[in-house]
Amino acid sequence: MIRHHPDINLLLEYSAGSIDSAVALSVSAHLHYCESCSEQVNRFNQLGGILLEELEHSSYQPENVNLRATPSMLRPLDQLFDSVMARVDGIENPATVSEAQASEIPIAVASKIRRDLPANLAKLIVKPRFLKWRRVAPAMQIAHLKTGQNRCEVSLIKIGAGGRVLEHNHKGNEYTVVLRGAFSDQDGIYSAGDFLHRKPGDVHTPNATADADCLCLAVVDAPLKFTGLLGWLINPFVQLQPG
Amino acid sequence: MLASGNDLPKIKAKVTDRIDPPTSGSQNTLRDDTWSQTLLLIAQKDRKAFERFFNHYVPLIRGYCLSKPVPDQSSSLPDELAQEVMIKVWQKANTFDPKKASASTWVFTLARNCRIDLLRRSNRHIAQPLEIDDLWADEEEHTPVTHLQKARDKDLIAKAWQVLPKDQIQVIRKVFMEGKTHLEAAEEMDLPLGTVKSRVRLGLKKLQLIVANRSNEVDQ
Chain A
37 MIRHHPDINL
47 LLEYSAGSID
57 SAVALSVSAH
67 LHYCESCSEQ
77 VNRFNQLGGI
87 LLEELEHSSY
97 QPENVNLRAT
107 PSMLRPLDQL
117 FDSVMARVDG
127 IENPATVSEA
137 QASEIPIAVA
147 SKIRRDLPAN
157 LAKLIVKPRF
167 LKWRRVAPAM
177 QIAHLKTGQN
187 RCEVSLIKIG
197 AGGRVLEHNH
207 KGNEYTVVLR
217 GAFSDQDGIY
227 SAGDFLHRKP
237 GDVHTPNATA
247 DADCLCLAVV
257 DAPLKFTGLL
267 GWLINPFVQL
277 QPG
Chain B
1342 MLASGNDLPK
1352 IKAKVTDRID
1362 PPTSGSQNTL
1372 RDDTWSQTLL
1382 LIAQKDRKAF
1392 ERFFNHYVPL
1402 IRGYCLSKPV
1412 PDQSSSLPDE
1422 LAQEVMIKVW
1432 QKANTFDPKK
1442 ASASTWVFTL
1452 ARNCRIDLLR
1462 RSNRHIAQPL
1472 EIDDLWADEE
1482 EHTPVTHLQK
1492 ARDKDLIAKA
1502 WQVLPKDQIQ
1512 VIRKVFMEGK
1522 THLEAAEEMD
1532 LPLGTVKSRV
1542 RLGLKKLQLI
1552 VANRSNEVDQ
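These protein sequence lines are chains A and B, in that order.
The first sequence begins at 37 in the numbering used here and counts up by one.
The second sequence begins at 1342 in the numbering used here and counts up by one.
Since the hints were derived computationally from the structure, they do not count as laboratory data.
Among the clues, some could well be false.
[What the hints assert, rightly or not] Mimicking EDC-like on lysine to aspartate or glutamate, the simulated pairs with C-alpha atoms at most 20 Å apart in a straight line are: (1) A/K194 x A/D221; (2) B/K1429 x A/D114; (3) A/K182 x B/D1458.
So that you can see chain B by itself, here it is in the shape it has in the complex (with noise of 0.2 Å):
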C-alpha cells in the first residue's frame, strides 16, 4: 500500500500527459491504477477525464448486463443501465478512495446495484421503503483500510484466475456474472447441488479470496 501511494503522483503525471489510456490487457495493473486516477479527475468534474472513462467502462457495463438477462429483459436495458451507472459514476466520484478500492470494482458495486434497482423499478408497483444501498451497502465506507485487500492482491487474484481449472471457472462465471444461483447452475449444468456449490468454493479457495479464518467452512 505505502509503494502504490509513492507511486501516486508519477501515475498521475502519466494520466494526464497520455491522450488514450492503455488498451493493452498486459498492462492491468497499469490501467486500474489508471482508471482510479481519471476517477480522482472525474471527482473534480473534469469532462475529458469523464469522457475517457465513459467510453472505456460503458462497452464492459452493456456486456455485464447482457451476460445475466432476465426474462422479457428490454432491449434497451445495457443502455439504461450503462446511462445511470455514468450518472452515478460522475455524482458519486468524490466518495471513491482508491486507498479501500479499484475502479472496477467500484464500477461493478455501482453496476449491480443500478441494476436491481432498475429491474425492481420496472418489475413492481410497490412503495420501496430501503434504497438499494441499503440492502447491497457500500461495506468499504466502514471497513478499516488496513482490513481491505490491497490493489496488488487483486493483481495477484486476476493471475490466479488465468490458471484456474475450466470446470471451477465455468461455475463461478455462472454464478457471479450470470446471476444464478447455486440451485439455477445446478439445474443447468446438470449436476448435484452439493458439487456445484463445492466446485465454487475450492475456485474461490484456489483464487485466494477466502478469508483466512473461514478456511475451515470450505473444506467441510
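Looking at chain A on its own, in the form it has when it is part of the complex (with noise of 0.2 Å):
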C-alpha cells in the first residue's frame, strides 16, 4: 500500500518534461510502483494533447507565429517531408546502421534481473559491483549512481534494519523514493514505492525500521547537512557528486 506520493505539482511538471531528468527518474521510480499516479501521468499527457491541438485554432499562439503559414526561418513542410522519408529510407535500409546509440543493456534484460526494481533503475545498477558503497553513518551506506547530467546527485542508500540515521536538514531539494524495506521518520513509515520530497529547510530523522533492511533511491539537488557534532564530522564525505 503505498502512501506518500508526488503532488499533483509534481506531477504535472513531470508530464509537461519541465523538471530534470534526475528527478525524472525519481518520479518515474514511483511509478513504477504507483498505479495511481500513472493514471494521474496519463490524464496530463491528454491535457498535452489537447494544448497541443489547441495550438492550431486558439487565439494563443506562441510569438504570434502563424503556424500553418511557415514561419521564415523554417523549411517549407514538403521539403521536411522529403527529407524525414530520405532518413527513413536510410535507416529501414539494413546497410546503413542507425546514429542512435543502442545502449549496452536492454531494459527488458535489466529489470528480468532485478525483477522488484524499476526498470530504469535496474538498468543503472545491473553491474552491481560497480556500485561503490560508502559508510556515512553505522547504519547507512550511500552509493552513487551515474545518469548522465550534472545537477542532481543521485545515490541508492541502504540503511540498515534497526538502524538510525543522521539528523540532517535539507539545503536544497530531496527526493526520495522506497525500493525495498521501510523506514519512518516523525511523520511517518515509508515502504517500497513511497515517495518523499523535502524541500529546503526541512529537518528531518530518518530511522529504519527494526524488520527489514531498506534501500532507498535517492535525488538530491543540494548537499545534505547533517547536524549536530557527529553530523559536522561526517559532512565533509557527503559532498555534492553530480553525475
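Fit the two chains together into the complex; they arrive one by one in their own frames, and the hints show the way.
Here it is, written out as C-alpha cells:
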C-alpha cells in the first residue's frame, strides 16, 4: 500500500517534461509502483494532447507565429517531408547502421535481472560490482549512481535493519523513493514505492524500522547537511557529486 | 469505449474516401478519431497517410517547440524536433493503440521526449546510461485499458478547458506548454508560489483531470 505520493504539481511538471532528468528518474521510479499516479500522469498527457491541438485554432499562438504559413526561419513542409522520408528510408535500409546509440543493456534484460526494481534503475545497477558503497553512518551506506546529468546527486541509500540515520537538514530538494524495506521518521512510515519530497529547510531523522533492511533512491539538488557534532564530522564525506 | 469500437469501421471508411481530413476546429471528436485511424494506416507503411499526418502535426510540433524556448535555442530547433518526432511516428505507429490514447496525446508524448532528448544531446557530452524513454516512459503500455480515460472523456476535458477562468488557463499554459516550473511561473507573474500551485490545482480539478482518490490533496 503506497501512502506517500508526489504532489499533483510535481506530476504535472513531469508530464510537461519540464523537470530535471534526475528528478524525473525519482518520479518514474514511483510510477513503477503506483497505479494511481501513473493514471494521473496519463491524464496530464491527455491535456498535453489537447493543448497541442489547441495551438492551431486558439488565440494562443507563441510569438504570434502563424503556424500554418511556414515562418521564415523554417523550411517548407514538402521539403521537410522529403528529408524525413529520405532519413526513414536510410534507417530502414539494413546496410545503414542507425545513428541512435543502442544502450549496452536492454531495459527488458535489466528488469529481468532485478525484477523487483523499476526497470530504469535496474538498468543503472545491473552490474552491482560497479556500485561503490560508502559508509556515512554506522547503519547507513551510500552508493553514487551515474545518470548522465550534472545538476543533481543521485544515490542509492542502504539503511540496516533497526539502523538510525543522522539528523540532517536540506539545503536543496531531496526526492526519495523507497525501493525495498521500510523506514520511518517523525512524519510516518515509508515502504516500497513511497515517495518523499523534502524541501529546503526541512529537518528530519530517518530511522529504519527494525523489520527489514531498507534500500532507497535519493535525488538531491544540494548536499545533505547533517546537524549535530557527529554530523559535522561526517559532513565532509557527503559532498555533492553530480553525475 | 464500446461505442467507439463499433464506430471504427465506419470512420475508417471515411478516412480512405477522403483526400483531406477535416480542418474545422468544431469537429474535434471526428478529427481525433480520424488521426488515430490515420496512424493505423501509417503502421502499415502508407506514405500518403503519413504525408497527411505530417502536414497536420508538423506545424503543431513547431508551435510546441516555439512555445517553450530554451536559452540560445537554435532557430532550426523546431524543424529538427518536427523531423525527429515524425521519424518516430513512422517507426512506432505499429505500437499505437487507439483504445489507450488519442493520436494527439501520443504525438504530445513523442514530442515531449524528443525535445528533451535533442536538448540533452546538444548540451552535454556526458555518457547517457538511460534513454529518454526510460525516464519518461510510455506508462500506457503498462496501464490496463480499464484505467485509462477514454476518447470521449478527452472531449469533456477539451470542453471544460474552453470555459476555464482565464487566470487558471494562464498558469496551466505556463507550467504545461511553456515548460516553466511552478516557481518560474510564480516569479514571472509576480505571485506567491503557493498561489500559483493552488491556481493550477483548482484548474486541473475543474478540468476533472484529478484522479478520484487524490481530491483530498487538491483541497489541502
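Is B/K1429 within 20 Å of A/D114, Cα to Cα? 18 Å, holds
Agreement of A/K194 and A/D221 with the hint, judged by alpha carbon distance not exceeding 20 Å: Holds, at about 16 Å.
Does the structure keep A/K182 and B/D1458 at a Cα separation of 20 Å or less? Between A/K182 and B/D1458 the Cα gap is close to 17 Å, so the pair holds against 20 Å.
Of the numbered hints given earlier, the model fails none.
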